[in-house]
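2 protein chains.
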Amino acid sequence: MTGTTNPDQVDDALELARRREAETPSSRVERFGPDRALMLDCGDVLDHWQIAYQTYGTLNADKSNAVLICHALTGDQHVHNTHPVTAKPGWWNLMVGPGKPIDTDRFFVICANVLGGCLGTTGPASINPATGRVYGLDFPVVTIPDMVRSQVALVDHLGIKQLFLVIGGSMGGMQVLDWAAHWPDKVFAAMPIATGARHSSQNIAFHEVGRQAVMADPDWRGGRYDEAGISPKKGLAVARMAAHITYMSELSLHQKFGRRLQDREAITFGFDSDFQIESYLRHQGTSFVDRFDANSYLYVTRAMDYFDLAAEHGGVLAKAFAGTKTRFCVMSFTSDWLFPTVQSREVVHALNAAGASVSFSEIVSDFGHDAFLLDEPEMLAIARGFINSAARARGLGATP
Amino acid sequence: MTGTTNPDQVDDALELARRREAETPSSRVERFGPDRALMLDCGDVLDHWQIAYQTYGTLNADKSNAVLICHALTGDQHVHNTHPVTAKPGWWNLMVGPGKPIDTDRFFVICANVLGGCLGTTGPASINPATGRVYGLDFPVVTIPDMVRSQVALVDHLGIKQLFLVIGGSMGGMQVLDWAAHWPDKVFAAMPIATGARHSSQNIAFHEVGRQAVMADPDWRGGRYDEAGISPKKGLAVARMAAHITYMSELSLHQKFGRRLQDREAITFGFDSDFQIESYLRHQGTSFVDRFDANSYLYVTRAMDYFDLAAEHGGVLAKAFAGTKTRFCVMSFTSDWLFPTVQSREVVHALNAAGASVSFSEIVSDFGHDAFLLDEPEMLAIARGFINSAARARGLGATP
Numbered sequence: 000m001t002g003t004t005n006p007d008q009v010d011d012a013l014e015l016a017r018r019r020e021a022e023t024p025s026s027r028v029e030r031f032g033p034d035r036a037l038m039l040d041c042g043d044v045l046d047h048w049q050i051a052y053q054t055y056g057t058l059n060a061d062k063s064n065a066v067l068i069c070h071a072l073t074g075d076q077h078v079h080n081t082h083p084v085t086a087k088p089g090w091w092n093l094m095v096g097p098g099k100p101i102d103t104d105r106f107f108v109i110c111a112n113v114l115g116g117c118l119g120t121t122g123p124a125s126i127n128p129a130t131g132r133v134y135g136l137d138f139p140v141v142t143i144p145d146m147v148r149s150q151v152a153l154v155d156h157l158g159i160k161q162l163f164l165v166i167g168g169s170m171g172g173m174q175v176l177d178w179a180a181h182w183p184d185k186v187f188a189a190m191p192i193a194t195g196a197r198h199s200s201q202n203i204a205f206h207e208v209g210r211q212a213v214m215a216d217p218d219w220r221g222g223r224y225d226e227a228g229i230s231p232k233k234g235l236a237v238a239r240m241a242a243h244i245t246y247m248s249e250l251s252l253h254q255k256f257g258r259r260l261q262d263r264e265a266i267t268f269g270f271d272s273d274f275q276i277e278s279y280l281r282h283q284g285t286s287f288v289d290r291f292d293a294n295s296y297l298y299v300t301r302a303m304d305y306f307d308l309a310a311e312h313g314g315v316l317a318k319a320f321a322g323t324k325t326r327f328c329v330m331s332f333t334s335d336w337l338f339p340t341v342q343s344r345e346v347v348h349a350l351n352a353a354g355a356s357v358s359f360s361e362i363v364s365d366f367g368h369d370a371f372l373l374d375e376p377e378m379l380a381i382a383r384g385f386i387n388s389a390a391r392a393r394g395l396g397a398t399p
Numbered sequence: 000m001t002g003t004t005n006p007d008q009v010d011d012a013l014e015l016a017r018r019r020e021a022e023t024p025s026s027r028v029e030r031f032g033p034d035r036a037l038m039l040d041c042g043d044v045l046d047h048w049q050i051a052y053q054t055y056g057t058l059n060a061d062k063s064n065a066v067l068i069c070h071a072l073t074g075d076q077h078v079h080n081t082h083p084v085t086a087k088p089g090w091w092n093l094m095v096g097p098g099k100p101i102d103t104d105r106f107f108v109i110c111a112n113v114l115g116g117c118l119g120t121t122g123p124a125s126i127n128p129a130t131g132r133v134y135g136l137d138f139p140v141v142t143i144p145d146m147v148r149s150q151v152a153l154v155d156h157l158g159i160k161q162l163f164l165v166i167g168g169s170m171g172g173m174q175v176l177d178w179a180a181h182w183p184d185k186v187f188a189a190m191p192i193a194t195g196a197r198h199s200s201q202n203i204a205f206h207e208v209g210r211q212a213v214m215a216d217p218d219w220r221g222g223r224y225d226e227a228g229i230s231p232k233k234g235l236a237v238a239r240m241a242a243h244i245t246y247m248s249e250l251s252l253h254q255k256f257g258r259r260l261q262d263r264e265a266i267t268f269g270f271d272s273d274f275q276i277e278s279y280l281r282h283q284g285t286s287f288v289d290r291f292d293a294n295s296y297l298y299v300t301r302a303m304d305y306f307d308l309a310a311e312h313g314g315v316l317a318k319a320f321a322g323t324k325t326r327f328c329v330m331s332f333t334s335d336w337l338f339p340t341v342q343s344r345e346v347v348h349a350l351n352a353a354g355a356s357v358s359f360s361e362i363v364s365d366f367g368h369d370a371f372l373l374d375e376p377e378m379l380a381i382a383r384g385f386i387n388s389a390a391r392a393r394g395l396g397a398t399p
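From first to last, the protein sequence lines are chains A and B.
Using numbering that gives the first Met the number 0, read the first sequence as starting at 0 and increasing by one per residue.
Using numbering that gives the first Met the number 0, read the second sequence as starting at 0 and increasing by one per residue.
No lab work stands behind these hints, which were simulated from the structure alone.
No farther apart than 30 Å at their CA atoms in a straight line, the calculated lysine-lysine pairs in the DSSO-like style are these:
#, chain 1, residue 1, chain 2, residue 2
1, B, Lys318, A, Lys255
2, A, Lys62, A, Lys324
3, B, Lys255, A, Lys318
4, B, Lys62, B, Lys99
5, A, Lys255, A, Lys99
6, B, Lys324, B, Lys185
Here are the simulated distance ranges between beta carbons:
#, chain 1, residue 1, chain 2, residue 2, range
7, A, Gly42, B, Asn127, 55 to 61 Å
8, B, Arg132, A, Pro217, 23 to 29 Å
9, B, Gly98, A, Gly42, 55 to 61 Å
10, B, Arg263, A, Ser388, 43 to 49 Å
11, B, Gly98, A, Arg223, 58 to 64 Å
12, A, Ser286, B, Val363, 40 to 46 Å
13, A, Leu250, B, His348, 16 to 22 Å
14, A, Glu377, B, Glu226, 55 to 61 Å
15, A, Gln254, B, Ala310, 17 to 23 Å
16, A, Asp271, B, Gln261, 37 to 43 Å
17, B, His348, A, Gln254, 17 to 23 Å
18, B, Cys41, A, Ser286, 28 to 34 Å
Everything numeric in this text was worked out from a predicted model, so none of it was measured.
Glycine included, each C-beta is placed from N, C-alpha and C at the ideal position.
Hey, can you work out the whole structure from these sequences and the hints?
Following this line, the structure appears as C-alpha cells:
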C-alpha cells in the first residue's frame, strides 16, 4: 500500500489504519445516544453507540427500493468499494453494482459493519465512553438479534419503513433469517445464502478452537493488548488458518493445491512451507491479522455460536416465521460442509410449514462455503431472477 | 494417578512419567548400534537408536503367527495393556486379546512406538548421543517408510521372516501400505483401515494449522523447551483441539453434544465453556499435552504429510504393488471425512490393477475417522473373518 518494502512498516501502517477505522471509519457513520439506546440480549444497554455503513445507489421517493446486505463473520461494509485498510476491491462486486443482480442503478444498497465488529460499528475495539479506554472484554457479548437491532435503528434513521430486500451469506444469512423472524413487516424479500437457523456443534467446535488459539497467545493479555500497543497476531493467524480450511471444500483444495510444492523441486525434510497449501494458509493467517481485531473475532464467533432461532419457540422453527408475508429465496451449495444443504432444508421446511412463499436452490459448486463470495453463475442468475420478480411485485418497475 | 488433588502436581507427575518413557520405556525396548544403523529418506543415518514395543501372546515354533499392529498419529505401543502414563486401558482392546479378532491365544502380537514418537522409540524427545542433549529439532525429519524400516529391523531381530498380518488405521494404515509396497515378501496379509496412499491437501492443511499452533506458543522456544523445563502446552492443546474435530463426524458431534449446555441452564454471554462441545474439546486438548511431546507432534504430522506411495512410481500407485502376493482387506467408514472412502477406493483400484487379492468394505458408521478405534461390530466381524481365512491359508490351523 505504501510502497515501502519493510514488512514490519507495512504491518504497522495497516494496523494503524485498522485501529483508526474502529472509531472514525472512512465510511458513513451514525452515532446514537440515550434516546436510541441499544437494548442487548444479555441485558446490557449501549446508550452511546455508532454504526458504520456504506450506501450505493439512490433511495427512491417512497423509500421502497432499499436493499440491506448483511456481511459475514470477517466481512465488513465495503461491499462495492476499495477497502480502506487493505486497498482490495469490494467483497461482493460480483453481486452488487450497475447491471449486477443487486443493481445499484435501481436499488439503494446499504451495508453496515456488524455490532461487535471492528470497522466502525461499536465493538470491543471501540472506546468505552464510561472509561475512555478501549472496551476489550468489557464490551458486552452481543448476539445476531443484537446486530439486527442495530441495523433496524439505522434503517429507521434513514426513514425506511420496509426494506425491499435483506440478503447475506453465512453469518449474513443468519442476520437475514433474524430480520425475517423478528421484523417481518420491515422485510419484503429475503435471501439467506449458505446459512442455517442455528450454529451446529461442529461449527461451535471450530470457533472454540479459534478463540482458544487467540486466548493462548500471551500477547492477547486478557484482551487488553491494545493498551500495550501489541496484538495477538500469532494466535489470531492460527485461528484464521483453521477457519479458512472450513471455508473451502476438499475438492477445491485438491484442485487448487493438491500436493504441489511451493517454489521447490522436492520436499526439504523440514517444517518450512514445502507444500503450496501450507504457504497459502500461512498467508491467509498473516494477512488477516492486519485487517481484523482479535477481540472482535471472539465476539463475532460467539454471536454465531449463540444463534438458534428456534430456541425461543420451544425448538419449533416454523413458529419463528408464523404469518410471514416475506418472500424467501434460500440457497445452499453442494460442497459447503460448514453450512451443508441440510441446514438450508431445515429453514425451507420451517418456511413451508409457516405457509411462506419460498424458493430453494442447492447449487452444484466445488467451492465449498466460500462459493457465495465467488463467481457462481447459477447463484448470480437465481439472485437476478428472484430480485427482478420481487421488484415487479413491489411495484419497482420492469427490469431495465 | 497419584491421589493428589492439586492439578499442577498431577500434570507434573504425568509429564515426568512421559519424559521418562521417552528414554527408558516401561515396555520392551531394543537398542541398535552402527551394525544396524537406520538409513533415513532424508539422507541422515541413525547409528544409535532404539525401538520400544509391546508383545502379547506367544510366537510359535516356525515364527509364522506374528501380527504387527501399526499405531496412528498419537497412538503408541500400548495396544492391550494399561498405559504407563495415563493409566488408561489399551487403545485397541476391542480388536486385540483372547478371543478377539486378533486373538492373543493364537497370534504373537507386536506393536512398536513409531520412529519420531515419544514413548520410547527414538524421536525428538530422545537424547542425541552426539550431544548428550535432547534432540529437539536436531532430530532428522522422518517418513512413513523410515518408520517401517525401524519396524523391519525389529522384526528381523525377533527372527521373524514373514509377518502373518500387518494391520493399522489412519497413519497406521499408511505404514501397512508401505510394508506391503516395500517389503512384500515379509507380509502375508495386510489390513489398511481408514487410510490412504497419500495425504490430501486438506489433511496437510489441518496438520499445518496444528504445527503453527505449537510453534506460535512462546514456550515452544524453537523446540528447545525441554531444557527450560517447560513445554508449549497451550499451543499443543489448540493443535489437538483442531485435530480432534477432524476425527469425528458432524453427525456424531451433533448426536453426542448438539447445542447442549455444560452444567448451566442458559448461555452466560461470555467466553467460558457454555456448550458441552467446548468443554469436551478443551478437555481433549489439555489431557493430550500430558501424554504427548510437542516436537514429536510436529514430526509425526510431517511424516503423514510427506506420505505419497505413488510418487516414486511416477504417480502410478498400482506399480507400488506390482507382483504382490499379499492378501489385502481394505476398510473405510462412511462418515470419515479425514480419510474418505474415495481414498480407500484408490488403493483398491491400484491393488486390482496389480492383480492382488483384495477385499474392500465401506462400513456404515456415524463415528467418523475414529470409528476404527471404536466398537464397530461390522469392522470387528470383517476383521475376524479375514484373519481366520488368512490363518487357514497360512496353515495356522482351524479357528479355535
